[in-house]
Structure formats: C-alpha cells, structure tokens
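A.B. asks: Numbering (our numbering) for the sequence shown: 1 to 399.
Watch out, some of these pointers could steer you wrong.
Computed list of lysine-lysine pairs in DSSO-like fashion (alpha-carbon distance at most 30 Å, straight line) [to be verified]:
| id | residue 1 | residue 2 |
| --- | --- | --- |
| 1 | K295 | K212 |
| 2 | K393 | K236 |
| 3 | K26 | K172 |
| 4 | K371 | K236 |
| 5 | K198 | K236 |
| 6 | K212 | K236 |
| 7 | K337 | K26 |
| 8 | K172 | K198 |
| 9 | K337 | K179 |
| 10 | K371 | K318 |
| 11 | K318 | K297 |
| 12 | K220 | K26 |
| 13 | K240 | K212 |
| 14 | K212 | K198 |
| 15 | K179 | K123 |
| 16 | K123 | K172 |
| 17 | K220 | K179 |
| 18 | K236 | K220 |
| 19 | K348 | K337 |
| 20 | K337 | K236 |
| 21 | K317 | K123 |
| 22 | K359 | K238 |
| 23 | K240 | K295 |
Simulated from the structure, these hints should not be mistaken for laboratory data.
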Amino acid sequence: MQASGIIVEYNPFHLGHDFHVTQARKQTGADCIIAVMSGPFLQRGEPAIMDKWERARSALLQSVDLVVELPHLFAVQHGDYFSKGAVETLDRLNVSSICFGSEEGNIAPFVNSHSKWKDNQGKFDEHLTSFLDEGMSYPEASRLAYRAIGVDELDLSQPNNILGYSYVKAIKQFAPHIKPETITRIESEYHDEIIKGKIASATSIRREIHTKGEITEGVKQALPDSTVQSLHNYIKDKGKFHQFEDYFPLIQHLLWTSSPEELRQIHGIEEGLEHRLLSSINRSSSFQEMMESVKTKRYTWTRLQRIFVHLITNTRKKDSYLLNESVPYVRILGMNKRGRQYLSEQKKYIEVPLVTQLKQIDHPLFDIDLKAQRTYLYPLSGNQRVESYHREKLPPLFV
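Given these sequences and hints, build the entire structure.
C.D. replies: Below you can see the structure in the form of structure tokens.
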C-alpha cells in the first residue's frame with residue numbers, strides 16, 4: 001500500500017477539508033491517507049474547539065484513514081518547527097508523498113523558491129536579521145527577506161502558501177525522498193470570519209459557534225454530518241467549546257504568582273516581555289483586554305498566544321532542545337480498516353515506537369504532550385477533567 005500524508009488541525013473538520021482529502025487521494029494515487037494532526041493546542045496558539053479524539057473521529061468517519069498526533073512542542077511553533085515535526089512524523093510512517101492545500105495550487109513555484117533560498121541562504125539570513133532589528137514581526141521580516149533575494153515566483157503573503165513553503169523546506173531538509181504535492185484551496189479565505197457558503201474557513205465556523213453559542217444552520221451547511229454529530233456530542237458531554245478566554249483565570253494566577261526571573265524561563269518570553277506581562281495583568285479583566293494591551297508590531301497576536309500556551313503548559317526554554325531532535329515516536333489517535341491494514345503492513349519497517357498506550361513511551365517530548373492535554377482540560381468541571389484525561393489511557397479509535 002502507498003500512503004500520502006496531510007498536515008492538519010481540523011478545528012473543526014469541514015467540507016473544505018473533505019475536499020482536500022479527496023483530491024489528495026486522487027492526485028497522489030495513494031491507498032491510504034494519513035493525517036498528522038495537532039492535539040489540544042494549535043499552531044496559532046489557540047486551544048482546539050473540542051478535543052483531539054472528537055476531531056479525529058470526525059475525520060475518520062469522512063475520508064481520512066489514519067490520524068496521528070503532532071507532538072505538542074512542535075504543534076505550537078512558527079512554521080519551520082511546526083513543519084519539521086509534521087514532516088518527520090509522516091516520514092516515520094513511510095509516506096511516499098505529502099499533499100497540502102495552497103492558494104498557488106502548483107508545486108513548481110514552491111520547489112523553485114526553495115532552490116533560490118538554498119542558493120542565497122547567507123544573504124537571506126542577513127536580510128532577515130536586518131528587518132527584525134527594525135522591529136518587524138518574524139512573518140513580515142521573513143516575507144521581505146525572501147523578496148530581497150529574488151523569491152517572487154510564489155506569493156508569500158498568502159497564509160497557505162507560507163505554510164506550504166515551510167512544508168517543502170522541511171521535506172527537502174529532513175525527508176527528501178518524500179514527494180511534495182499541492183492542490184488549490186477552493187473558495188473561502190483562511191482568515192475569513194463570516195461563513196459564506198458550504199466551503200467556509202474554520203475561523204468563520206468557530207466564530208459563529210462562539211458568538212451564537214450554538215451550532216447554527218449556517219455552521220451545519222459547512223460541515224459534514226460526522227462533525228456536526230461530534231460537536232453535539234462534545235457540547236452535551238462537556239457543556240462548552242474551548243476558547244482562550246476560558247484559560248484567562250489560569251493565566252492571571254500564573255502571572256500574579258510568578259517573578260520576572262521565573263517568567264524568563266518560559267519558552268518564548270524574552271526581550272523584557274515578562275515585565276510587560278506583569279504590568280498588563282494588573283489592569284486586564286479578560287484575555288482579550290490583556291492581548292490588546294500587550295500586542296506590539298514585534299509581538300503579534302499569534303506569537304503572544306503561543307507564549308501564553310507555553311506559560312499555562314509550563315513549557316520552558318530548557319525544553320526547546322527537543323525541537324532540534326528527530327521525532328522519536330508516533331502517537332496513534334485513530335484509524336479505519338484501511339489505516340489498520342497499512343499499519344499492519346508497515347509495522348516491521350517503522351523504526352520508532354507506535355504509541356497506542358501511555359505506558360509504551362517514556363520520553364520528555366511525550367511528557368510535554370501529557371502536560372498540554374491536562375492543561376487543555378482546565379475549563380471543564382472536576383469530574384469531566386478526570387473522565388476526559390482517562391481517555392488518554394484508552395486504545396486508539398477504530399471506526
């Protein structure tokens with residue numbers, strides 16, 4: 001069996017995602033589609049709207065064959081580390097291709113842009129440092145540095161092109177035997193906040209759910225039945241969908257009880273940001289207020305959200321060495337019959353542990369995964385937290 005990998009968050013799984021999976025299978029000719037999915041917290045530093053198990057279930061009931069978890073430390077990072085973790089995880093499972101959605105829709109500009117960057121890496125680094133020294137955010141400085149070395153074939157102002165380019169860079173560096181492929185995203189824009197039809201952005205779907213407090217007809221039209229059912233199940237069992245505001249009391253407590261020296265140990269807190277955080281928390285009554293008061297040109301909303309995730313999960317600077325090591329295990333979240341068959345055929349060729357039970361792995365990267373999962377459950381009631389964490393000890397889903 002041949003497998004193609006996709007890199008996803010499914011927050012939640014919608015019809016645009018279903019199109020991506022269908023087209024990836026068609027374009028690559030893969031027998032098995034493997035999704036490496038972020039767990040409780042996402043690349044932009046947000047808590048997932050519902051837990052990884054329900055999100056994986058939605059995907060498996062639609063068109064994905066095997067869902068594995070991207071280790072948390074890689075999941076809540078800028079594009080390069082996020083991509084490294086995802087590509088290495090899929091490589092551990094011996095995928096022959098990785099297919100991503102992009103505004104570009106043609107793989108050649110990604111490959112050509114990478115070649116030009118590789119030939120001019122020294123100049124790129126010089127430009128990047130210069131733009132960062134001017135106070136620009138990393139994404140803006142990076143985009144201008146690429147333009148400065150003549151990378152103009154690919155529009156790196158588009159969010160999915162940016163991520164796709166990071167995937168291609170990671171493939172070329174860490175798994176050059178994997179073939180990168182892309183398909184064109186259809187209709188909605190990544191950051192659209194309003195549902196405009198059946199193909200809607202996950203951002204607009206979450207916004208409607210959080211704003212209206214229910215799963216509206218507009219939301220339902222953009223989702224497959226499996227996701228609608230998962231959302232209903234989650235709100236019935238847990239009484240809420242997760243959003244960052246739910247974690248503000250925890251952030252407030254941690255900042256009120258931490259010294260500047262202690263905060264400086266948290267991954268991502270640097271350049272005196274700890275003082276800005278300690279000053280802001282005393283005049284902020286909500287997460288939104290805090291973000292508005294701390295955000296700067298250099299510290300973007302996304303960067304700050306990631307830092308707050310590192311704070312509440314107690315992810316420290318000393319843990320960051322793990323980002324430069326190879327992914328040492330694969331956590332299996334769920335599979336269908338085809339996914340199970342693929343794992344059965346490939347098991348003897350897979351060189352890292354396939355984690356289906358907590359006792360199977362003892363590694364600092366996995367310890368961080370478990371801390372993140374426990375933290376994610378913070379907004380739930382005591383009994384719900386215990387029951388939800390117990391799910392971590394059960395076998396993967398099989399649908």
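A.B. asks: Decide, hint by hint, whether the structure agrees.
C.D. replies: Against the structure, the hints come out as follows:
Straight-line distance between C-alpha atoms of K295 and K212 comes to about 27 Å, which keeps the hinted pair within the 30 Å bound. A distance of roughly 22 Å separates the Cα atoms of K393 and K236; the hinted pair therefore holds under the 30 Å criterion. In summary, the hint linking K26 to K172 is supported, as the alpha carbons are separated by about 23 Å, within the 30 Å threshold. Pair hint K371 plus K236 holds up; C-alpha atoms about 25 Å apart against a cutoff of 30 Å.
Of the supplied pair hints, the one linking K198 and K236 holds, its CA atoms being roughly 25 Å apart against a limit of 30 Å. A hinted pair counts as satisfied when its Cα atoms are at most 30 Å apart, and K212 with K236 qualifies at roughly 16 Å. Between K337 and K26, the direct Cα distance comes to roughly 19 Å. Compliance with the 30 Å bound is thereby established for this hinted pair. Of the pairs offered as hints, the one joining K172 and K198 is violated, with about 35 Å between alpha carbons and a cut-off of 30 Å exceeded.
Taking the CA atoms of K337 and K179, the gap is near 25 Å; set against the 30 Å cutoff, the hint holds. Under the criterion of a C-alpha separation no larger than 30 Å, the hint pairing K371 with K318 is consistent with the structure, at around 15 Å. Only pairs whose Cα atoms come within 30 Å are accepted, and K318 paired with K297 is accepted, the gap being roughly 27 Å. This hinted pair checks out: K220 and K26 have alpha carbons roughly 26 Å apart, not beyond 30 Å.
Taken as a hint, the K240 and K212 pair is honoured in the structure, with Cα atoms around 13 Å apart against an allowance of 30 Å. With a CA separation close to 18 Å, the supplied pair K212 and K198 stays within the 30 Å bound. Distance hint between K179 and K123 is fulfilled; the C-alpha atoms sit about 28 Å from each other, no more than 30 Å. With a C-alpha separation of about 20 Å, the suggested pair K123 and K172 falls inside the 30 Å cut-off, and the hint holds.
With a CA separation close to 35 Å, the supplied pair K220 and K179 exceeds the 30 Å bound. The straight-line distance between the Cα atoms of K236 and K220 is roughly 17 Å, inside the 30 Å bound, and the hint therefore holds. At most 30 Å may separate the alpha-carbon atoms for a hinted pair to count; K348 and K337 meet this at roughly 19 Å. For the given pair, K337 sits about 29 Å from K236 by alpha-carbon distance, which is consistent with the 30 Å threshold.
At roughly 28 Å between alpha-carbon atoms, K317 and K123 fall within 30 Å of each other, so this suggested pair holds. A distance of roughly 27 Å separates the Cα atoms of K359 and K238; the hinted pair therefore holds under the 30 Å criterion. In summary, the hint linking K240 to K295 is supported, as the alpha carbons are separated by about 28 Å, within the 30 Å threshold.
Comparing the model with each numbered hint stated earlier shows that hints 8, 17 do not hold.
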